[in-house]
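Asker: So the sequences go chain by chain: U and E.
Position one of the first sequence corresponds to residue 1 (the working numbering), numbered consecutively onward.
Position one of the second sequence corresponds to residue 1 (the working numbering), numbered consecutively onward.
Ranges of calculated distance between the beta carbons of each label pair, as one might list FRET restraints:
hint, chain 1, residue 1, chain 2, residue 2, range
1, U, 193, E, 35, 23 to 31 Å
2, E, 201, U, 87, 19 to 27 Å
3, U, 387, E, 169, 52 to 60 Å
4, E, 154, U, 307, 49 to 57 Å
5, U, 696, E, 201, 30 to 38 Å
6, E, 201, U, 625, 15 to 23 Å
7, E, 157, U, 334, 46 to 54 Å
8, U, 391, E, 169, 49 to 57 Å
9, E, 207, U, 82, 24 to 32 Å
10, E, 105, U, 30, 51 to 59 Å
11, E, 157, U, 707, 43 to 51 Å
12, U, 396, E, 135, 50 to 58 Å
13, E, 22, U, 262, 18 to 26 Å
14, U, 541, E, 109, 35 to 43 Å
Take a look, some chain U residues computed to stay more than 12 Å from chain E by CB distance:
hint, residue
15, 88
16, 289
17, 389
18, 402
19, 573
20, 687
In silico DSS-like cross-links for lysine-lysine, where the CA-CA straight-line distance does not exceed 30 Å:
hint, chain 1, residue 1, chain 2, residue 2
21, U, 568, E, 117
22, E, 2, U, 338
23, U, 707, E, 117
24, U, 522, U, 63
25, U, 196, U, 325
26, U, 215, U, 325
27, U, 561, E, 117
28, U, 417, E, 117
29, U, 150, E, 117
Since the hints were derived computationally from the structure, they do not count as laboratory data.
Note that the structure is a prediction, hence the values are computed from the model and not measured.
All C-beta atoms in this analysis are idealised placements derived from N, C-alpha and C, irrespective of residue type, glycine included.
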Amino acid sequence: MSHAEITPAIVAEHGFTPDEYDVLVASLGRVPNMLELGIFSVMWSEHCSYKSSRIHLAKLPTKAPWVIHGPGENAGVIDIGAGPDGAPMAAIFKMESHNHPSFIEPYQGAATGVGGILRDVFTMGARPVANMNALRFGRPDAPKMRHLIKGVVAGIGGYGNCVGVPTVGGETNFHASYDGNILVNAMTVGTARQDKIFLSAAAGVGNPMIYVGSKTGRDGIHGATMASAEFTEESEDKRPTVQVGDPFTEKLLIEACLELMASDAIVAIQDMGAAGLTSSSVEMASKGGVGLRLDLDKVPCREDRMTPYEMMLSESQERMLMVLKPGREAFAEAIFHKWELDFAVIGEVTDTERLVLTFHGDTVADIPLGPLADNAPKYDRAHVPTPKRAPLGAVSESTDLGADLLKLMACPDLASKRWIWEQYDHMVGADTLQRPGGDAAVVRLHGTQKALAITTDCTPRYCFADPYEGGKQAVAETWRNLIAVGALPLAITDCMNFGNPQRPEIMGQFVGCIEGMAAACKALDYPVVSGNVSLYNETNGTGIMPTPAIGGVGLIEDYTKSMSLAFKAVEQDIWLIGGGDTDTHLGQSLYLRECLGREDGPPPAVDLAAERAAGDFVAMLIGTGQLTAVHDISDGGLLVAVTEMALAGNIGATLFDLDTGGAFGEGQGRYLVTLPAANVVDAPVPMRRVGRTGGDSIIIGAKTKVKLADLRAAHEGAFPAMMRDEI
Amino acid sequence: MKSAVIVFPGSNCDRDLAVAIRDVTGTAPTMVWHRETALPEGVDLIALPGGFSYGDYLRSGAMSARSPVMAEVIAAAARGVAVLGVCNGFQVLTEAGLLPGALMRNAGLDFVCRDVKLTVANSQTMFSSRYDAGATITIPVAHHDGNYFADAETLDRLEGEGRVVFRYAEPVNGSARDIAGVVNAQGNVLGLMPHPERLIEAEQGGTDGRRMFEGLLAALG
Numbered sequence: 001m002s003h004a005e006i007t008p009a010i011v012a013e014h015g016f017t018p019d020e021y022d023v024l025v026a027s028l029g030r031v032p033n034m035l036e037l038g039i040f041s042v043m044w045s046e047h048c049s050y051k052s053s054r055i056h057l058a059k060l061p062t063k064a065p066w067v068i069h070g071p072g073e074n075a076g077v078i079d080i081g082a083g084p085d086g087a088p089m090a091a092i093f094k095m096e097s098h099n100h101p102s103f104i105e106p107y108q109g110a111a112t113g114v115g116g117i118l119r120d121v122f123t124m125g126a127r128p129v130a131n132m133n134a135l136r137f138g139r140p141d142a143p144k145m146r147h148l149i150k151g152v153v154a155g156i157g158g159y160g161n162c163v164g165v166p167t168v169g170g171e172t173n174f175h176a177s178y179d180g181n182i183l184v185n186a187m188t189v190g191t192a193r194q195d196k197i198f199l200s201a202a203a204g205v206g207n208p209m210i211y212v213g214s215k216t217g218r219d220g221i222h223g224a225t226m227a228s229a230e231f232t233e234e235s236e237d238k239r240p241t242v243q244v245g246d247p248f249t250e251k252l253l254i255e256a257c258l259e260l261m262a263s264d265a266i267v268a269i270q271d272m273g274a275a276g277l278t279s280s281s282v283e284m285a286s287k288g289g290v291g292l293r294l295d296l297d298k299v300p301c302r303e304d305r306m307t308p309y310e311m312m313l314s315e316s317q318e319r320m321l322m323v324l325k326p327g328r329e330a331f332a333e334a335i336f337h338k339w340e341l342d343f344a345v346i347g348e349v350t351d352t353e354r355l356v357l358t359f360h361g362d363t364v365a366d367i368p369l370g371p372l373a374d375n376a377p378k379y380d381r382a383h384v385p386t387p388k389r390a391p392l393g394a395v396s397e398s399t400d401l402g403a404d405l406l407k408l409m410a411c412p413d414l415a416s417k418r419w420i421w422e423q424y425d426h427m428v429g430a431d432t433l434q435r436p437g438g439d440a441a442v443v444r445l446h447g448t449q450k451a452l453a454i455t456t457d458c459t460p461r462y463c464f465a466d467p468y469e470g471g472k473q474a475v476a477e478t479w480r481n482l483i484a485v486g487a488l489p490l491a492i493t494d495c496m497n498f499g500n501p502q503r504p505e506i507m508g509q510f511v512g513c514i515e516g517m518a519a520a521c522k523a524l525d526y527p528v529v530s531g532n533v534s535l536y537n538e539t540n541g542t543g544i545m546p547t548p549a550i551g552g553v554g555l556i557e558d559y560t561k562s563m564s565l566a567f568k569a570v571e572q573d574i575w576l577i578g579g580g581d582t583d584t585h586l587g588q589s590l591y592l593r594e595c596l597g598r599e600d601g602p603p604p605a606v607d608l609a610a611e612r613a614a615g616d617f618v619a620m621l622i623g624t625g626q627l628t629a630v631h632d633i634s635d636g637g638l639l640v641a642v643t644e645m646a647l648a649g650n651i652g653a654t655l656f657d658l659d660t661g662g663a664f665g666e667g668q669g670r671y672l673v674t675l676p677a678a679n680v681v682d683a684p685v686p687m688r689r690v691g692r693t694g695g696d697s698i699i700i701g702a703k704t705k706v707k708l709a710d711l712r713a714a715h716e717g718a719f720p721a722m723m724r725d726e727i
Numbered sequence: 001m002k003s004a005v006i007v008f009p010g011s012n013c014d015r016d017l018a019v020a021i022r023d024v025t026g027t028a029p030t031m032v033w034h035r036e037t038a039l040p041e042g043v044d045l046i047a048l049p050g051g052f053s054y055g056d057y058l059r060s061g062a063m064s065a066r067s068p069v070m071a072e073v074i075a076a077a078a079r080g081v082a083v084l085g086v087c088n089g090f091q092v093l094t095e096a097g098l099l100p101g102a103l104m105r106n107a108g109l110d111f112v113c114r115d116v117k118l119t120v121a122n123s124q125t126m127f128s129s130r131y132d133a134g135a136t137i138t139i140p141v142a143h144h145d146g147n148y149f150a151d152a153e154t155l156d157r158l159e160g161e162g163r164v165v166f167r168y169a170e171p172v173n174g175s176a177r178d179i180a181g182v183v184n185a186q187g188n189v190l191g192l193m194p195h196p197e198r199l200i201e202a203e204q205g206g207t208d209g210r211r212m213f214e215g216l217l218a219a220l221g
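Pulled out of the complex, with its shape left as it was, chain U reads as follows (with noise of 0.2 Å):
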């Protein structure tokens, strides 16, 4: 197959442009054989290139004193203070796309999706303790999207469950944009000691290279190309290169890992992800600057007569490839067959700055590392702001609060996803405090006082109407949740998901949430410290929405400090904290898609002053134990709020009256609490009474009262029942 000859067709089925093309040359100073054409071709697609993203991810705030390792290594890494034997411990997480693979084959996508990240997680010698998630789907209707749905549910609890990892949360959205284009993002968790932190650069000319896991297989080939390209009719063709995961070697896998890790015997460690052994092996070379030589012959097989070409692309799951000490390998390789895993020495590191790989003896590539490095792609890619939405105007009264309130609790965004977390393993480790269904999952570090507070958030419609806008409230709607269960937002990993950066606007969008986010990040002292670009999301040249999902992460010194949002008692005051003229904002609300079915006039604006002030304050309040219940104002405005804490705390609430825009506006930067009646506190930001907890209703004003069984029964029945048609 190498001796194959390279026709400009072959070219471009390898995703290069013949200008790429020419430079991938002049890079090797020779036409390059089929196995180097396609290394260059994993290497240089937007997956791992990120040639059209890159110089505008530059703009997003990625230090602080607590960032250890920011973007760049496998996850981002923060400091999370004294563990369980007063060692200093480290947080260290990401979040990822399989977006293409799951609408393909939404199982086994979802599914790798999970095992993917939890590789990046665990590589750098992290107990993974949490997996999170953020689904968009399309219309619950459209053709095929339960089966989509229920395949990428159980997918991901297929193997997150198996592996023990608690999956504690996440959010799901619908929309007709992700019809064609679902998205699957996977966030895993993990602590580690700071001392025990392992990075990807290999060192040592002569160590021996290491290949533990799972056998290479002719599966997921090409992967990262078709994650590079848009969505058509024929892309159902693509379901050979989906990989298939299999949890119980991914748990073996982490067993063995952190078995050795335990040890000195590693010196640099890289899960083989996207494009598996290429990009493991080149980002390993690259980043320590040395040379590699692989020996294909010695690559545990699968498949009988595998070529060289197909076991550099191959994305089979479960793998490692590591640098080794010299002479750790009789010790590192009983630990692995401990485990029933296999063990090889593949190659060794050399001074030789190029990546060469032999087979039966020939050397089938000889590349250099620099120029596949340095001369990979980039692109400053035309782009166009999203024009600024007119003002919405006036919106005529609800005639029936309730009866909206009840159509809201019941909508696909709104509704309780019980449905989809109770088949997660979410209590796994014996360490969720917070399930999921609140602002933010809180998850002990174990042994300690300690907790994490961990959330997804994003609002599509909003980054839709204003990118800007919508990129900081991305950021802004996590850190909120985050305070609100009384944790200190140290850091964000972001999973970018846009259509094709080849098309102007599409790019105006990218660029436009990366600077709304920054601006959040900033101003929040929030840094990202990982993330993932998915483009190209597109089905026959139809875009999604612009969807920036953030994962926040926070810390809680003291657990028994945090706080939730169930209502506790009756008889308490609900103070609103925050907003101001802006409370009523109908524009690009909830209320106007789902009641008055207009998706018009601008997103609300993120104060960020505002927003940190109010957020210092409530975490105040939590802090010196002021207050019973915290829950932030977002979808759905503020009766959904209060109507959620109702819920949650089987307690209902009597609120002073409340037009349309008091209701269900969703301005920004904004809390209901709970306090003993009669508590005052002094406040130096926006707060109010709005109400009093009590009774078995939400009684609004003189004329309206909704019975929070029947709350309850909309809310909690509309999914189910949404899945239950499934054909």
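Assemble chain E onto chain U, guided by the hints.
Answerer: Only chain E this time, still in chain U's reference frame:
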């Protein structure tokens, strides 16, 4: 009280079970790898944890039931040593023949993880002595194959001999006669699908699981 937790490839509640036993009894159990051919001398309690041993790729628990250490577990059970199997551990116990019946795919076909209400059907076992007979308790489940099945004659016998220890008080997985946990004829081997080790402290959402380990401590010292 001297205890051991068996670790199979793919066990994932082994640490949770060990922590629960340690926190309640004050002594950390010995972790025993499935390839071992001996158990700690004088062990009072052997616990088989939840998880997905061998990925559940064959029938749940079928591979682990044939692990080398299981011969020792079976021998110890015959000597009267207490054996507790939780979730996948229960599946292993049925596959090993220490308990009757089998755990089939949930009637709803989906994995289910949530707190469930259980009725204490027999409070006279060493595992359930700290619960009141007939009491309703809350313990979480997390399983895909928890649908207990046995033929009618076996079920009648189990009920007649008071060997049904816990029943689901709500629909969960389609189990025959709502059986959530059963003991062997001698009363020293309990298998149950719910996870008592997950509700040991109030912060976890309740403490109903704790009392099972308190009962074992009282019985086994």
